[in-house]
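If you want the building blocks of each chain, they are given just below.
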Amino acid sequence: MAQFALVIDLNTCVGCHACATNCKEWNTQAAFGPLSDFDPYGRAPQGVWYNRIMSYEVGSYPDTQVFHLPKSCLHCQDAPCVPVCPTGASYKREQDGIVLVNYDDCIGCKLCSWSCPYGCREFDEADKVMKKCTLCIDRIYDESLPPEHRKPACVLTCPARARFFGDIEDPNSEVYRVIKERNGFVLFPDMGTNPGNHYLPRTETKVHVDEHLLKHDNPLFLEVLRRHHVGG
Amino acid sequence: MHPPLSLIWFFLTAGVSIGLFTFTYFMEFLTLFDKNTAMPKQAVLISLVISLVLIGLGAIGASFHLGHKLRAWKAIRRFHTSWLSREAVFSGAYGFLLLLYGLSYYFNLSMPIQHFFGIVAFILGWLSALSTAMIYASNRFVLEWYTSLTVLYYLNMYLMLGSSAFLALTFHYRAEFIGIYLFLTFLFVSLGLAFRIAFNVRQFLIPRPTINEALNLPHNRPIKVLDTGTTTDNYCTTEFYYKKGKELLNSVLPVAYILTFVVPLFLILYSWITGNYNYTFYALTFASLLVGSLLERWCFFVEGNHVQNLYYGLYPEEGYRLRKGYMERKRTRISLY
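The listed protein sequences correspond, in order, to chains L and V.
Using the numbering used here, you'd call the opening residue of the first sequence number 1 and step up by one each time.
Using the numbering used here, you'd call the opening residue of the second sequence number 1 and step up by one each time.
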């Protein structure tokens, strides 16, 4: 069965929040909007976001690393938020595995958000319904868009190209390949939710200088020497 | 977890309704076995009206935590998977059967019909209570709730409220049963105390996940939350982490224990041992249980820690460390800033 999902490369994500901003910009005026805001220009702005970026520091000083974790609905293959919904408003599509909320059936009981271990569902106090990432389902099937634009807004906007979108069950897809080649992992595997969204781990970058670069006849080596000499 | 007052209201009203009806009908049920336990008609009708009004008020009150109250009827659709749906169906059916039982009793219909309605209402009432408890006990992401103790305490709370309310009722109508209901109230309050202590002690013993597990990183790396992507609170930090409640919890929980268990047990035992059967004791017992249960349910919500709080650094601190070649659980620092 197809499972559309995002794959996020933590190695290249710079935590710029462009994905969250573009997600908000697209979805607040699209089919699953609005993403209501309260006091947006005041002292305590609050609102609905499908995508939030968390930043963490790992390790003990001085051996620390900072990484950024964009977190939106993971479209779990065993989504625990779906069976608890008393009205059937939360559902998982069979054809692509996307978890959606039918706003016309949602009674706003919030039980689905209690059953999400990732905190990826947010209650809209204006519309009084639960909202969450739709993987921009109104973009990815929109035939009026050029094929290269039929992707979630967050994927299209990422300046670091850290986000991939596709069917993680399709061996021919890019996301399947990067998960396999770069050891893609999921959040909270112990919770038994089998998330669709994957993350690519950070890898340590080591600069290897080949020996031939250090030979005397290497023009780069001579350049370095001359500069060093001129500089005193 | 943020305590929704409308749900606490439902717990109390449904608890008194189902508990009171349980003992009222139980006395009627025993007459099938030629026991002289039937309450006077006036007492039964008063009890049934109270139960009916309370379950109605409870249902109305509970709807206040819904975003769309007029769509509440749609909650019957997912009966096969959702405990909330089951609760809605069973509590609605219980209220309807309670009305039928009350009418059949009032109009003196034949005994089989009366008892049929009574037994079905009794079963539906307890299925409703079980469904309500299972909404919380089946949530595996709030580990404090994810235990059979949640169900046991919740069902016992209905019995505590019901037996103490019936004790006050029987004082006026069948005083010879005061002793029995003193014992039953004592029994259920004692059981409630045992379940609540076990519930609290368990919170210190449950193996909790760590932020390393949430992020799927090795256990031996300290992790610090630098930024949660928002300058203010959001839905996740207000719904799943009630900061004010956490600050008040240490003060409210002892008061809840005193009002729910200590005061009722003292009054019941005093009345029982001295033989001083005074209505004031029983009214006070019920009132204390009611207010105490309100605070206890509030604490139940505030005590719950949702695992998504790990991402915000708001989960109880615990972790692992490497020691002698194996991972040992210990408290590690998870700080927000």
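Hints were generated in silico from the structure; no laboratory data involved.
The beta-carbon is built from N, C-alpha and C at its ideal position, and this holds for glycine as well.
Check the hints yourself; a few may be wrong.
Claimed, not checked - Heads up, incomplete: computed chain V residues facing chain L, CB under 7 Å, no partners named:
1. A59
2. L66
3. R71
4. T81
5. R174
6. F195
7. E213
8. T228
9. F266
10. Y311
11. G313
Going through the hints against the structure:
no., hint, result
1, A59, "14 Å, violated"
2, L66, "5 Å, holds"
3, R71, "5 Å, holds"
4, T81, "4 Å, holds"
5, R174, "41 Å, violated"
6, F195, "22 Å, violated"
7, E213, "6 Å, holds"
8, T228, "6 Å, holds"
9, F266, "37 Å, violated"
10, Y311, "6 Å, holds"
11, G313, "9 Å, violated"
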